[in-house]
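*Asks:* One letter stands for each residue in the lines below.
Protein chains: 2
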Amino acid sequence: MVYFIEQKFSVPYYYKIFFTKYVFNIKNEILVNIIKKDLILERKKLLVIIDNGVIKNDIINEIINYCNYYSKFIDLKENPIILKGGESIKNNFDINNYIYELINKNNICRHSFVIAVGGGSLLDSVGFSVATAHRGVRLIRIPTTVLSQNDSGVGVKNSINYFSKKNFIGTFSPPYSVINDSSFLLSLNDREWFGGISEAIKVGLIKDANFFYFIKNNIKNFINKDIEIMEKLIYRCAELHVNHISSADPFEFGSSRPLDFGHWAAHKLETLTKGRLSHGEAVAIGISLDVVYSYFSGFINIDIVNDIINVFLELKFLIYVPELDFEINDVGDSLIFGIKEFQEHLGGNLTIMMLKNIGEGFNVSYIDISLLLKSVKFLKNFKY
Amino acid sequence: MVYFIEQKFSVPYYYKIFFTKYVFNIKNEILVNIIKKDLILERKKLLVIIDNGVIKNDIINEIINYCNYYSKFIDLKENPIILKGGESIKNNFDINNYIYELINKNNICRHSFVIAVGGGSLLDSVGFSVATAHRGVRLIRIPTTVLSQNDSGVGVKNSINYFSKKNFIGTFSPPYSVINDSSFLLSLNDREWFGGISEAIKVGLIKDANFFYFIKNNIKNFINKDIEIMEKLIYRCAELHVNHISSADPFEFGSSRPLDFGHWAAHKLETLTKGRLSHGEAVAIGISLDVVYSYFSGFINIDIVNDIINVFLELKFLIYVPELDFEINDVGDSLIFGIKEFQEHLGGNLTIMMLKNIGEGFNVSYIDISLLLKSVKFLKNFKY
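Quick note, the sequences are listed as chains X and Y, same order. Number 247 in the working numbering belongs to position 247 of the first sequence; there are no gaps in the numbering. Number 432 in the working numbering belongs to position 48 of the second sequence; there are no gaps in the numbering.
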């Protein structure tokens, strides 16, 4: 006879992802409406943490003015805090301690707000501290890059790197709200502008063929920095991302993770290239590799391969870097160890997504190393 | 026109709290059944982290033998790791880093298991690292004290202290399973044995009058260390605790937190007494204070006050320590600042539970400091 008590409950989550321009203009009430929505306290304490990459024009004063204008609802505790964005912020726990200190010093509580303005790395690092202080302070994300607006910034995760392993520490902590402000995209450099498109291509390839062809048919517009086309890409990509999360296993208790198509190699390449490749650039190579592998495995034909790789090349992505090269019995740190690390991070059996058509992914549980070698050689020698 | 996407989902949680004896005896299959239940991987990686307070008899070898006997299902990666338990473990982030290292070194993945054996503090600290490595490795809690078996160990939280503030950092992360093994209670010292009863008294007072009277009527049995009576107390207290969590707001998005009756003062006293009081001992004083405050506020009569305080005194609890004393305009760190800190940790408006009858709590949103002073004096001068 085994005695036990059963505990069973569900935790409901709800948040909105807003699409707007000039979020800190006092005529734009989206932000103040989010903050005043919950009537528990009339005036909410607020900290704003901002990526140094978006400190342009007069944004700091604009934020201060916005909070002053709406001071009936917003209690800005300090001038916006500027942090250096980019992947390096995730390698430095001192930053997390600094954020804990800011939260402590300013008596930020679980019903206060922290706004993080910046690229995906800053949102990830700030998000981890905010999610774990008082077991979770409210976070409003204002992603400022294509990549963070269409992908990580609208999702439910945060993370920092540890032991040189990407995202080793983190939590599943949905944001309180997300505001995608397309005016930030106007000042992105080429790498940031194009970098985020690879995640959109990924979602199209595994979930929505029409979306892939929308990207393919608008290559010229992306090259010409057409902001309206980019807004459309971000909206649809965010929508597919959000639907995927809510449709299955938001906190990833299982093994499958289709949105990580191309990511086992991408994560490893980011480490092997010591940050030379951005996440989006690494994802483009990771997808190309798994597309070619899908071809050599007989899942798709060569036309599809050419179609996809040409889109990447026209959008100025690399599809090969020397760090892809490995030998079957490699003993150093090389690409093939990425398969094992990916499995460990997800847990459970190896589950890697491959392609069976444009718009349709499926899972395999085994990677043939000799086909992988062949795929790397294919990319190395690919003639455009 | 405001454009937005809505994200909405619920995350389901399910776990069992088992009640048993001699969990590491190879004839006891509860643990191995938990580990082999999920068939994703045949053999699960396992780390065992154990409180030095429970290293008695031959428990380390027993654990190793258990894992060897069931090695078809269990892959014990290291001999059990012994850590010093008690509140101090929560003040030392080096411990958390050490646990991250163990998880990394042993390639523990999200589908592996960490078993934490010990008192509430060890479960809290280990729980934080386990919940944040890979965004959550599976944790089996084996609480070994009355307090952890009837209260924190069956709940959904973990935490560490930061900036000398109790539980400043942590997450809501339900365990994979909990095993309450009453054989650990046999070797508890007096303080540990009685210490956990205060949380049971608390739950009785705010939720179940019959349970309070069960405790009152069994005082002699508790003093005589009757293990079967203690098992009954733990079972019912855990049940009430578990039902409370699932019935309302498991991750505490709102302001109300009835299970924290008596805890605003208890948390502050733990800090002010620099660990001289255990959590259970501080809770007994915190409850006594709020019971007397409830009386001076006219919510309950004096007989109820005497009834409750006498139960605490007969169970060898203190109801007064000098750290309770404060002055209205205190400038040093004193009890009254505990009210504000409690509010900040919960967030939102002040919400403190008071008593309107035995078995019935209710929330107030204001504390009258002069009545609080009067309550402290009442406890100081209470004649048994």
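These are calculated hints, taken from the structure and not from any lab test. Hints may be right or wrong, so weigh each one.
For lysine to aspartate or glutamate, the following EDC-like pairs were computed, each having C-alpha atoms within a straight-line distance of at most 20 Å [said to hold, decoys possible]:
{"#": "1", "chain 1": "Y", "residue 1": "600", "chain 2": "Y", "residue 2": "687"}
{"#": "2", "chain 1": "Y", "residue 1": "616", "chain 2": "X", "residue 2": "6"}
{"#": "3", "chain 1": "Y", "residue 1": "724", "chain 2": "X", "residue 2": "58"}
{"#": "4", "chain 1": "X", "residue 1": "340", "chain 2": "Y", "residue 2": "426"}
{"#": "5", "chain 1": "Y", "residue 1": "764", "chain 2": "Y", "residue 2": "725"}
{"#": "6", "chain 1": "X", "residue 1": "27", "chain 2": "X", "residue 2": "6"}
{"#": "7", "chain 1": "X", "residue 1": "84", "chain 2": "X", "residue 2": "6"}
{"#": "8", "chain 1": "X", "residue 1": "8", "chain 2": "Y", "residue 2": "687"}
{"#": "9", "chain 1": "X", "residue 1": "21", "chain 2": "Y", "residue 2": "390"}
{"#": "10", "chain 1": "X", "residue 1": "8", "chain 2": "Y", "residue 2": "623"}
{"#": "11", "chain 1": "X", "residue 1": "383", "chain 2": "X", "residue 2": "303"}
{"#": "12", "chain 1": "Y", "residue 1": "724", "chain 2": "X", "residue 2": "62"}
*Asks:* Does each hint hold? Answer for all of them.
*Replies:* The hints, checked one at a time:
1. Y:600 to Y:687: Holds, at about 14 Å.
2. Y:616 to X:6: holds (17 Å)
3. Y:724 to X:58: Violated - the C-alpha atoms of residue 58 of chain X and residue 724 of chain Y are around 37 Å apart, more than 20 Å.
4. X:340 to Y:426: holds (17 Å)
5. Y:764 to Y:725: violated (24 Å)
6. X:27 to X:6: Judged against 20 Å, a Cα distance of about 51 Å means the pair is violated.
7. X:84 to X:6: Outside the cut-off at roughly 47 Å; violated.
8. X:8 to Y:687: Outside the cut-off at roughly 38 Å; violated.
9. X:21 to Y:390: Holds, at about 19 Å.
10. X:8 to Y:623: Roughly 12 Å separates the two Cα atoms, so the pair holds.
11. X:383 to X:303: holds (14 Å)
12. Y:724 to X:62: violated (32 Å)
Checked against the numbered hints listed earlier, the structure breaks hints 3, 5, 6, 7, 8 and 12; every other hint is satisfied.
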